[in-house]
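K.L.:
Residues per chain, in single letters:
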Amino acid sequence: MATLNEHIVSSYEDELTTLARMISEMGGMVEEEIIRSADALVKLDHDEAKAIRAADKRVDEMQQRINDMAVSIIARRQPMAADLRMVVTSIQVANDLERTGDMAKQLAKRALQIETLGLAPKFYNGVKHMTQLVAGQLKAALDAYAARDSAAAVEVCKRDDEVDALHTSLFRELLTYMMEDPRNITQCTHLLFCTKSLERVGDHATNIAEAAYYLETGRHLSADDSARAKR
Amino acid sequence: MSLDTTVETAEPVLHPKMQGDKVSVFYSGKQALFDVSLRIGANQVTSLIGPSGCGKSTFLRSLNRMNDTIDGCRVAGKITLDDEDIYDPDIDVVELRARVGMVFQKPNPFPKSIYENVAYGPRIHGIARGRAELDEIVHSSLRRAGLWNEVKDRLAEPGTGLSGGQQQRLCIARAIATRPEVLLMDEPCSALDPIATAVIEELIDELRENFTIVIVTHSMQQAARVSQKTAFFHLGKLIEEGRTEDIFTNPRNKQTQDYITGRIG
Chain H
1 MATLNEHIVS SYEDELTTLA RMISEMGGMV EEEIIRSADA LVKLDHDEAK AIRAADKRVD
61 EMQQRINDMA VSIIARRQPM AADLRMVVTS IQVANDLERT GDMAKQLAKR ALQIETLGLA
121 PKFYNGVKHM TQLVAGQLKA ALDAYAARDS AAAVEVCKRD DEVDALHTSL FRELLTYMME
181 DPRNITQCTH LLFCTKSLER VGDHATNIAE AAYYLETGRH LSADDSARAK R
Chain C
1001 MSLDTTVETA EPVLHPKMQG DKVSVFYSGK QALFDVSLRI GANQVTSLIG PSGCGKSTFL
1061 RSLNRMNDTI DGCRVAGKIT LDDEDIYDPD IDVVELRARV GMVFQKPNPF PKSIYENVAY
1121 GPRIHGIARG RAELDEIVHS SLRRAGLWNE VKDRLAEPGT GLSGGQQQRL CIARAIATRP
1181 EVLLMDEPCS ALDPIATAVI EELIDELREN FTIVIVTHSM QQAARVSQKT AFFHLGKLIE
1241 EGRTEDIFTN PRNKQTQDYI TGRIG
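In order, the protein sequence lines correspond to chains H and C.
Going letter by letter, the first sequence gives residues 1 to 231 in this note's numbering.
Going letter by letter, the second sequence gives residues 1001 to 1265 in this note's numbering.
Do not rely on the hints blindly, as some may be mistaken.
Which chain H residues face chain C? A few, computed with CB under 10 Å, are given here [to be verified]:
1. A20
2. L84
3. R85
4. L112
Here are the simulated lysine to aspartate or glutamate pairs, EDC-like style, with alpha carbons at most 16 Å apart [stated by the list, open to error]:
5. K57/H - E25/H
6. K1078/C - D1088/C
7. K50/H - D102/H
8. K1254/C - D102/H
9. K1254/C - E25/H
10. K1237/C - D1088/C
A few chain H positions that, by computed beta-carbon distances, are all more than 12 Å from chain C [unchecked claim]:
11. E6
12. I8
13. Y12
14. L16
15. M29
16. L44
17. D83
18. P121
19. A146
20. D149
21. D164
22. R172
23. T217
24. G218
25. R219
Because the hints were derived from the structure by calculation, they are not lab data.
Even for Gly, the Cβ is constructed at its ideal location relative to N, Cα and C.
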């Protein structure tokens, strides 16, 4: 799709721009939250973990603001075609971002629950690596959405397999540590829940990428995939 | 892809009630419509949209040869109704217009009684045999137009005394009284308030069971609400046609997209 011209009604154009900017802003907030919470987990930084749990309220408020704006645009402007897809997907993306924020909150909660003085690096290295991977996925998905880039969105969806593979391998690894020494069980169980949360972040990133694909093409990626598979 | 020659089309209409094939219309030599080919499916509502002067009304008017009444108007190409060429010299234009009825933008009831407004067509076309049958046609047409309950006790009163929305429904009753197969509507709701518009839109949906409907509208929301097929015209050309759902969620042509989203083309 070629770049869109501006609306004749400039206030409408402004509202759509504002909506897109709010999504970017919320995306930035959540990206940061994930990285900070993983960091707090690794360092067992309880103060930081508490700060993150408080910050998640801002993310929730942002979601409400985005939903209100989208509903207001639908009611007053009756958006069509690409505009309609933009407004509808903004509600979806804000929802995925809010859920991602919840996952960050989960990581912070785990950081508060692990009461040992520190985690052994061999325990948290995998989690750190997985955090980098899913944070990269989230950023790539948000970039694809902002740029309406369906090719980049497809790449994000393909890379979700890497996240799943890493999740499986970390599961085995943590299980091994638990079998080696039962004193590891508490920490490793907490970390297992953390990897599960990170894996879900990866799924939300995929959802956002699918929304980006739909935004640009007007078609669903899964439907296009199965059509390609039949050929 | 050349914008001049390519028309975006979805899956073809399999059994068109009417079909335009490379229709061009000239007003005193000035071309207003360029090679428009469009199939109009039976028992469907087809909406024609586009900016003023795009040729949508011109195309609509060529479907029942209303353009014949304009001096210096010439139609080229072929238009068929049930595979019959409606511009064939052997075609009786009066009979054609009974088969392809029309409702206009501004309600235009005759300055006669409500009853006579509806009875006029069937009478001159000799559709009714006797008073009882004519009564039945008038009643059923008013009922189908959703006007019966409001006027049944004052059929002898002038049609011009009704409200705008009622007058438009009277005109629809008048149009369907001759039992047309196709109903052409040229912005039938543009002079009506939202409630009267909703009543007409509900009516259009019901009439679809028995008629093929082509509607010209400036309200894109209306096209989206009432039609199954939408055709977008621009500068006398058909730019894109397809399922209404697709046109309004994911048009393939950029000009269509710009128009329906309210952008500067």
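K.L.:
Against each hint, give a clear statement of whether it holds in the structure.
P.N.:
Cross-check of the supplied hints:
The beta carbon of A20/H is not positioned within 10 Å of any beta carbon in chain C (closest approach about 15 Å), and the interface hint is therefore violated. With a cut of 10 Å, the hint placing L84/H at the interface with chain C holds, because the nearest CB-to-CB distance is about 6 Å. Annotation: interface hint on R85/H holds; nearest CB of chain C at approximately 7 Å, less than 10 Å. Violation of the interface hint for L112/H is found here, the shortest Cβ-Cβ separation to chain C being roughly 46 Å, above the 10 Å cut-off.
Only pairs whose Cα atoms come within 16 Å are accepted, and K57/H paired with E25/H is accepted, the gap being roughly 14 Å. For the suggested pair K1078/C and D1088/C, the alpha carbons sit about 9 Å apart, so the restraint of at most 16 Å is met. Pair hint K50/H plus D102/H holds up; C-alpha atoms about 14 Å apart against a cutoff of 16 Å. With a C-alpha separation of about 40 Å, the suggested pair K1254/C and D102/H falls outside the 16 Å cut-off, and the hint is violated.
The suggested pairing of K1254/C with E25/H is violated, with an alpha-carbon distance near 29 Å, which exceeds 16 Å. A hinted pair counts as satisfied when its Cα atoms are at most 16 Å apart, and K1237/C with D1088/C does not qualify at roughly 24 Å. Annotated as non-interface, E6/H brings its C-beta within 12 Å of a C-beta of chain C; the closest such distance is 6 Å. Consistency note on I8/H: stated as away from chain C, yet its beta-carbon is not over 12 Å from all of that chain's, at 5 Å minimum.
The non-interface label for Y12/H is inconsistent with chain C: the shortest C-beta to C-beta separation is roughly 7 Å, within 12 Å. Listed as a non-interface residue, L16/H fails to keep its Cβ farther than 12 Å from every Cβ of chain C; the least gap is roughly 10 Å. Every Cβ of chain C is farther than 12 Å from the Cβ of M29/H; the closest lies at roughly 30 Å, confirming the non-interface assignment. Taking the minimum C-beta to C-beta distance to chain C, about 50 Å, the non-interface status of L44/H holds against the 12 Å cut.
Against chain C, the non-interface label of D83/H is violated: not every CB pair exceeds 12 Å, the least being about 5 Å. Here P121/H stays apart from chain C, with its beta-carbon at least about 51 Å from theirs, past the 12 Å limit. At the 12 Å boundary, the C-beta of A146/H stays outside the reach of chain C, the nearest C-beta of that chain being 19 Å off. The Cβ of D149/H sits about 17 Å from the closest Cβ of chain C, beyond the 12 Å cut-off, so the non-interface label holds.
In this structure D164/H is separated from chain C by more than 12 Å, as the shortest Cβ-Cβ distance comes to about 31 Å. Remark: the non-interface label on R172/H is consistent with the geometry, its nearest Cβ contact in chain C lying 44 Å away (cut-off 12 Å). Listed as outside the interface, T217/H is inconsistent with that label: its C-beta sits roughly 8 Å from the nearest C-beta of chain C, within the 12 Å cut-off. With a minimum CB-CB distance of about 3 Å to chain C, G218/H fails to clear the 12 Å threshold, and the non-interface call is violated.
Distance check for R219/H against chain C: the nearest CB is about 7 Å away, which does not clear 12 Å, and the non-interface claim fails.
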